[in-house]
Amino acid sequence: MTAVRIEFDEPKCVAAGQCAMVAPDVFDQRDDDGVAVVLDDTPGPGQHEVVREAAAVCPAAAIHLIES
Amino acid sequence: MNRIVVVGASAAGLAACETLRREGFEGTVTLIGAETRFPYDRPPLSKQLLAGAWDPSRLSLRSPAQIDALRLDARLGTTATGLSVADHTITLDTGPLAYDGLIIATGVRPRRLAGDQTHVLRTVEDALGLRERLGPGRRLAVVGAGFLGAEAAAVARGLGCGVVLFEPAPVPLAHAVGERVGRMLATVHEEHGVDLRTGVTVTSAEALDADEVLVAIGSQPNTEWLDGSGLRIDDGVVCDEYSAAAPDIYAAGDVARWRNPLFGVDMRVEHRTNATEQGMAAARNLLRPYARRPFAPVPYFWSDQYDLKLHAYGHLRAHDAVEIVDGSLEDRRFLAAYRRGDRLVGALAVGLPPKAVRPWRQAIADSALWKDVT
Ligand SMILES: Cc1cc2nc3c(=O)[nH]c(=O)nc-3n(C[C@H](O)[C@H](O)[C@H](O)COP(=O)(O)OP(=O)(O)OC[C@H]3O[C@@H](n4cnc5c(N)ncnc54)[C@H](O)[C@@H]3O)c2cc1C
Ligand code: SF4
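Here the protein sequences come in this chain order: A and B.
For the first sequence, this note's numbering begins at 1 and goes up steadily by one.
For the second sequence, this note's numbering begins at 1001 and goes up steadily by one.
These are computed hints drawn from the structure, not numbers from a lab.
Take the hints with a grain of salt, since some may be wrong.
As the list claims (entries may be wrong) - Taking lysine-lysine pairs in the DSSO-like style, the calculated list, with each CA pair at most 27 Å apart, reads:
#, chain 1, residue 1, chain 2, residue 2
1, B, K1371, B, K1047
2, B, K1309, B, K1355
3, A, K12, B, K1047
4, A, K12, B, K1355
5, A, K12, B, K1309
6, B, K1309, B, K1047
7, B, K1371, B, K1355
Unchecked claim - Away from chain A, derived, C-beta distances all over 10 Å, residues of chain B:
#, residue
8, R1003
9, E1018
10, T1019
11, P1056
12, S1057
13, L1076
14, G1095
15, R1109
16, Y1242
17, G1264
18, T1273
19, T1276
20, V1322
21, L1329
22, R1332
From the three backbone atoms N, C-alpha and C, an ideal C-beta is built for every residue, glycine too.
Isolated chain B, as found in the complex:
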């Protein structure tokens, strides 16, 4: 293997490039990225950057010296438009490029309302564009009370905006974290003066009475460039438990749907740490086809809302039941445990010391029986 091409220059793509070098790969590593910036961190976009606390230079994931040390053939501002598996070649907007190994890390992009040009939040440019329109007395409508919409609503309140938050479900985030935790989060937003309107499906931004509209209704994997390649696409690039999509082709990060053997389900997660960990795993498995290791992480994400920091571990979405096993929702210091079948599959903690949370993460990694831990 002499030429490895990584498509997507963000968290997952960077982790793949770094791992290839750390594992001693001396061949050519080409990094293709549609954005013109070197890899930067997205979570602060809806937090410190939107709040105006940080400027974009703080978001760089690596310094120029660290990037140089990777000896990359970096092609930024370049888009991959096609893949031929049989020819081991991808097509770029600048021409064809042959590879021996390929890592797909093209992430996701925001879904939009039909035909509309409102704000979305995925790139530095998006965040800066929204930030300059926010301030005291401005009215922001946020469509979608998922984690992204909720964080942006919180920041906008902090900037003195009037905020209306629309959510089609009766309780925001209930499908993700359960009804009770979702209701607590809804209360927190209302206490901070957000006008939360649940059970409302917004289909067009035009009718909304607001100065600015942010649409945060989920995302769509960037897989169109793989259409017709023969790779299986189903809300993401479908991979096996090694993160392999085909021989010599791996996928990692937000774009990858892989079989997580820890839970025995196909999952695609849009979590910052997963992008890095899967990028690393994909690179290792690509380099060592005979010593491949399944990618079986406990997914993890955090979210900041006002002064609350949520930490979530495991596969919460498909849970059958939730129980508060430490602290209380009223105090906003608690640990919620999630059950699926007879197993512990997830935990969500707010305001608890790491030492109290770590054993739960470990129990999820061990697929503990629910009756043994609750």
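Isolated chain A (complex conformation):
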């Protein structure tokens, strides 16, 4: 079974919030500046599809997935 680990390059984040929209159980945004927060960096299989979508739509290429 694939495992997915999220690496988040925070300084690149532009606070667009696409990730929190696509995968709200895995990403949130800070109140003060909107920068993303990873709620769960090893999400379960049920989240893999939306997490891949989040990595693909992130306009700053700040979300990296390590799949093994």
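Please arrange chain B with the ligands on chain A, whose structure you already have, making use of the hints.
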């Protein structure tokens, strides 16, 4: 469908290639790009790269391993020069190439003043070339106070340059964000020591008293290679609500003008997230002609100016009225709502928590009635 060709190797083209593979397409994906670099991110060009905070390697949208995994027939440094719809063939500067499906993602290029060779800002090379000419005591003239010109002016001030910013309109960005927000932004620039000259149309860079001139007067879609192809071109490649320009031909990103059913208007937006989202939508619709879905996004862009970050949602340009519905312009923490007819069509937020902004984005996606939200 065995051979899909994507023309334009930037945000929209990359998203299209990735989506084709994620959706299980096993045929040949050819990616044609005039630039020699693998896809990189442009927004930092007028921000971190120009400021000298990042070097170009940070701009890569994907690592070499991620690109390899896409199994692309990548042809960089290659330019498409023609299209024959009837023959399902494009012409490259290296020869002809047949396709079963085509995605056009050739973006835009900066407009220039007639006959002039001043700085523009679109590529890594442009940004590096400008950056090395900026520094304390240097005088930069920026022609055009749109988002791009305004961001560059802010960065140049941060680098210690004297900056003159020319804008033909009385209030910068008024057509885009409304008078009041535009005036606030103008004040911010003046507070930071930018010499803002509104109501001035610059026609030649030569007369300007500056060490360097940056021309930021808008852009022009890269569609010349499609002239004579029969595709409709009207300030961009004209597409339907599925982003289709013709059977088996889609367009995405800055070059595409499509009918956004959410607002019922044809639009072409030069926004980073739209390039990705439309690239994805075009790829999906191309692969599944019988299960096509209209591309109906709430457009979104951000802009950094000094310590302010603007987030804008929706279709602001054609608004009839603007109202500040949260916070205040004076505090530079506010949410402006935009009305067209009886609908909410846009929102622009500065300094507010995402939780306060999300419901507005949702209301735009729902085409909420103005009277219900204000
Ligand atoms: C300096 C700058 C700052 C920006 N800041 C922001 C921002 O803060 N927020 C935001 O939302 N957006 C911003 N944008 C806009 C955003 O970068 C664009 O919307 C995005 O790059 C569009 O991607 P694209 O793939 O559609 O087109 P492009 O990035 O323009 O890529 C098109 C590619 O196609 C290639 N090409 C063109 N013609 C041919 C041909 N005939 N054959 C082969 N290849 C061809 C081009 O060389 C180019 O590499 C900014 C843009 C710039 C330039
Ligand atoms: S999508 Fe990317 S840029 Fe936007 S908030 Fe999430 S991580 Fe940050």
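Status of each hint after checking the structure:
1. Of the pairs offered as hints, the one joining K1371/B and K1047/B is violated, with about 38 Å between alpha carbons and a cut-off of 27 Å exceeded.
2. Between the alpha carbons of K1309/B and K1355/B the distance comes to roughly 16 Å, so the proposed pair stays at or under 27 Å and holds.
3. For the given pair, K12/A sits about 12 Å from K1047/B by alpha-carbon distance, which is consistent with the 27 Å threshold.
4. Distance check on the hinted pair: K12/A and K1355/B sit about 21 Å apart at the alpha-carbon level, within 27 Å; holds.
5. Distance restraint check for K12/A and K1309/B: the Cα-Cα separation of roughly 14 Å lies within the 27 Å cut-off, and the hinted pair is therefore satisfied.
6. Taken as a hint, the K1309/B and K1047/B pair is honoured in the structure, with Cα atoms around 12 Å apart against an allowance of 27 Å.
7. Restraint check for K1371/B and K1355/B: the C-alpha separation of about 22 Å stays at or below 27 Å, so the hint holds.
8. Every Cβ of chain A is farther than 10 Å from the Cβ of R1003/B; the closest lies at roughly 23 Å, confirming the non-interface assignment.
9. A cut-off of 10 Å between C-beta atoms contradicts the statement that E1018/B is not in contact with chain A; the least separation is 6 Å.
10. A beta-carbon of chain A comes within 10 Å of the beta-carbon of T1019/B; the shortest separation is about 7 Å.
11. Every CB of chain A is more than 10 Å from the CB of P1056/B (nearest about 14 Å), matching its label as outside the interface.
12. Non-interface status of S1057/B relative to chain A is upheld: no Cβ of that chain comes within 10 Å, the nearest being about 12 Å off.
13. The Cβ of L1076/B lies farther than 10 Å from every Cβ of chain A, with a closest approach of about 18 Å, so its non-interface assignment holds.
14. With a least CB separation of 32 Å from chain A, G1095/B remains clear of the 10 Å interface cut-off, as annotated.
15. Under the 10 Å C-beta cut-off, the non-interface status given to R1109/B relative to chain A holds; the minimum distance is some 21 Å.
16. Once the 10 Å rule is applied to beta carbons, Y1242/B is consistent with being away from chain A; the minimum gap is 19 Å.
17. The beta carbon of G1264/B is kept farther than 10 Å from every beta carbon of chain A, the shortest such distance being approximately 23 Å.
18. For T1273/B, the condition that its CB be more than 10 Å from all CB atoms of chain A is violated, with the nearest at approximately 5 Å.
19. Not every CB of chain A is more than 10 Å from the CB of T1276/B (nearest about 6 Å), against its label as outside the interface.
20. Taking the minimum C-beta to C-beta distance to chain A, about 22 Å, the non-interface status of V1322/B holds against the 10 Å cut.
21. With a closest Cβ-Cβ approach of about 20 Å to chain A, L1329/B is found to remain outside the 10 Å limit, as its non-interface label requires.
22. The beta carbon of R1332/B sits about 14 Å from the closest Cβ of chain A, which is more than 10 Å, so the claim that it is off the interface holds.
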